[in-house]
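Undergrad: Chain by chain, the residues run as shown.
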Amino acid sequence: MADARDMTADPPARPPLAGGAPTAAATRPAAALRRQRPRGAWLVPTLYILFLLLPIYWLVNMSFKSNQEILGAFSLWPQQPTLRNYMVIFTDPAWYSGYINSIIYVVLNTVISVSVALPAAYAFSRYRFLGDKHLFFWLLTNRMAPPAVFALPFFQLYSAFGLIDTHIAVAIAHCLFNVPLAVWILEGFMSGVPKEIDETAYIDGYSFPRFFLRIFMPLIASGIGVAAFFCFMFSWVELLIARTLTTTDAKPIAATMTRTVSASGLDWGVLAAAGVLTIIPGALVIWFVRNYIAKGFALGRV
Amino acid sequence: MEKSWNNRAWFMVLPVLVLVAFSAVVPLMTVVNYSVQDTFGNNEFFWAGTEWFEELLASDRFWEAMGRNLVFSLVILAIEVPLGIFIALNMPRKGIGVSVCLVLMALPLLVPWNVVGTIWQVFGRVDIGLLGHTLEAIGIDYNYVSDPIDAWITVVLMDVWHWTSLVVLLCYAGLVSIPDAYYQAARIDGASRWAVFRYIQLPKMNRVLLIAVLLRFMDSFMIYTEPFVVTGGGPGNSTTFLSIDLVKMAVGQFDLGPAAAMSLVYFLIILLLSWVFYTVMTNRGVER
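These protein sequence lines map, in sequence, to chains A and B. Using the numbering used here, read the first sequence as starting at 862 and increasing by one per residue. Using the numbering used here, read the second sequence as starting at 509 and increasing by one per residue.
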């Protein structure tokens, strides 16, 4: 999926089979567009990126300072760089278990979301059936539902099942918005695979499960990767529901961060270090999905 | 693509249906239940009819939160959309620069929402933040903790920081799909740069822009975590948006009835917006 394929080709127009070098047709508009850009155009994205990175830099900067330095002297970079803040996080179970909890429910959620979304997306992209459009719309409304609306009923529902403060509770609750997302993204990718491939496979004597696993899934491998990435991400960034459903054993790192207030005031350094560590997972994998980011955020509709 | 009629496809959709129904329909029914009942505790409920809805629609608190939320959504749309288009137009189109730009610009989108709040909470503080400290140094009185206007500026700036990239990415996706022939034709006609933008690029970005506007509007309409971390809805109630108010009511004060009624009204608004979004998305093929 790392090839420099044109990120904007419409799902029907994109031949997922031809994953290779960009074609001449894909590079030519770029050349023409470049002529459309005024001299010094690079300045605009550069300034914008600077604006984006400045607050993040400030957080990183703080994470390497001691609290006295943060509160005492104002400096643009750490004068006495220290790893103490990170040491606190990696040695205190209350902190690092937050990361472990987050990762457990996020991975659980990603696996559940993608595996149930795969057959559903195939059904939506290949068949018409009773109520299909209503169902598709209903799924969308769940992606758009304000989590605040669900916070209280979720708490009661999961209490009734005795699931409060378990990883699986958060993982299932996050399915509310991640399953629709995965279905929409995968449907977009699947619609780009010509139906003739299915038919040829059936004529060749493939059963449906074998066709799906052996032929179809490799064809939409990048789609699965993108769907998984976005499920991972949206589950990772969500706090409201995760915090409502957990108390101690499954408490996410995001919720731990809201309670850094101690007797001696806020521990800014540790807070900053915890923040930096939550940005890292996203920053690490973003390179692989860079050409599909717009598609993922727009529910596969670009 | 020609789709064949096959009702057995339902079996493939079933797992999704069960899972999402468990997470969505059951809680929603609970909300409906509460919205028409009253309680004096002890788990004893009795019928209250539309009382909560009438109370809600007559309360200033609800309309103020709604008004703040609408103003917020419109302000960030007015900033993020033109800014996003402008940046997308100036993005590099070729080489390693494209990937670097895409990755760096997408970075804020991947930061956990409460950390976005934390970043700006720290960044804006006068004593330890770069922004607050710099503003103070050049003599601007800025304190988002006590001044409502400064709080608003901080929250809006934070949202611009967080989400403008989404508009940029979508617009960029629209721009690179414009075939070269359009530009050649424009060159032969001697079209100005503005004319190229107005008559070629903007119409071609139409659809992605619509997606961007709808997504930004809906997401900003249910914003919770970021302003909650930075301002906690304050100072006073100046940054209490619908979600913050709702959570305060439901979890903080445990006013189940009013909170449930508010949830439903809130959800209906989102439903209407989703319908617009869905209609736009699924009519795509027809328009072309």
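Since the hints were derived computationally from the structure, they do not count as laboratory data. Please note: incorrect hints may appear among the correct ones.
[Unchecked claim] Listed below are the simulated DSBU-like cross-link pairs for lysine-lysine, each with C-alpha atoms no more than 30 Å apart in a straight line:
hint, chain 1, residue 1, chain 2, residue 2
1, A, K994, B, K602
2, B, K511, A, K1056
3, A, K994, B, K511
4, A, K1056, B, K602
Undergrad: So if I understand the rule, the pair passes when the alpha-carbon distance is 30 Å or less; does B:K511 with A:K1056 pass?
TA: 9 Å, holds
Undergrad: When you check the alpha-carbon spacing of A:K994 and B:K511, does it fall within 30 Å?
TA: Status holds; Cα separation ~13 Å.
Undergrad: Holds or violated: A:K1056 and B:K602, Cα atoms, limit 30 Å.
TA: Roughly 33 Å between the alpha carbons, so the hint for A:K1056 and B:K602 is violated.
Undergrad: Quick one, are A:K994 and B:K602 close enough, alpha carbons at most 30 Å?
TA: 39 Å, violated
Hint compliance for this structure: hints 1 and 4 are not met, and every other hint is.
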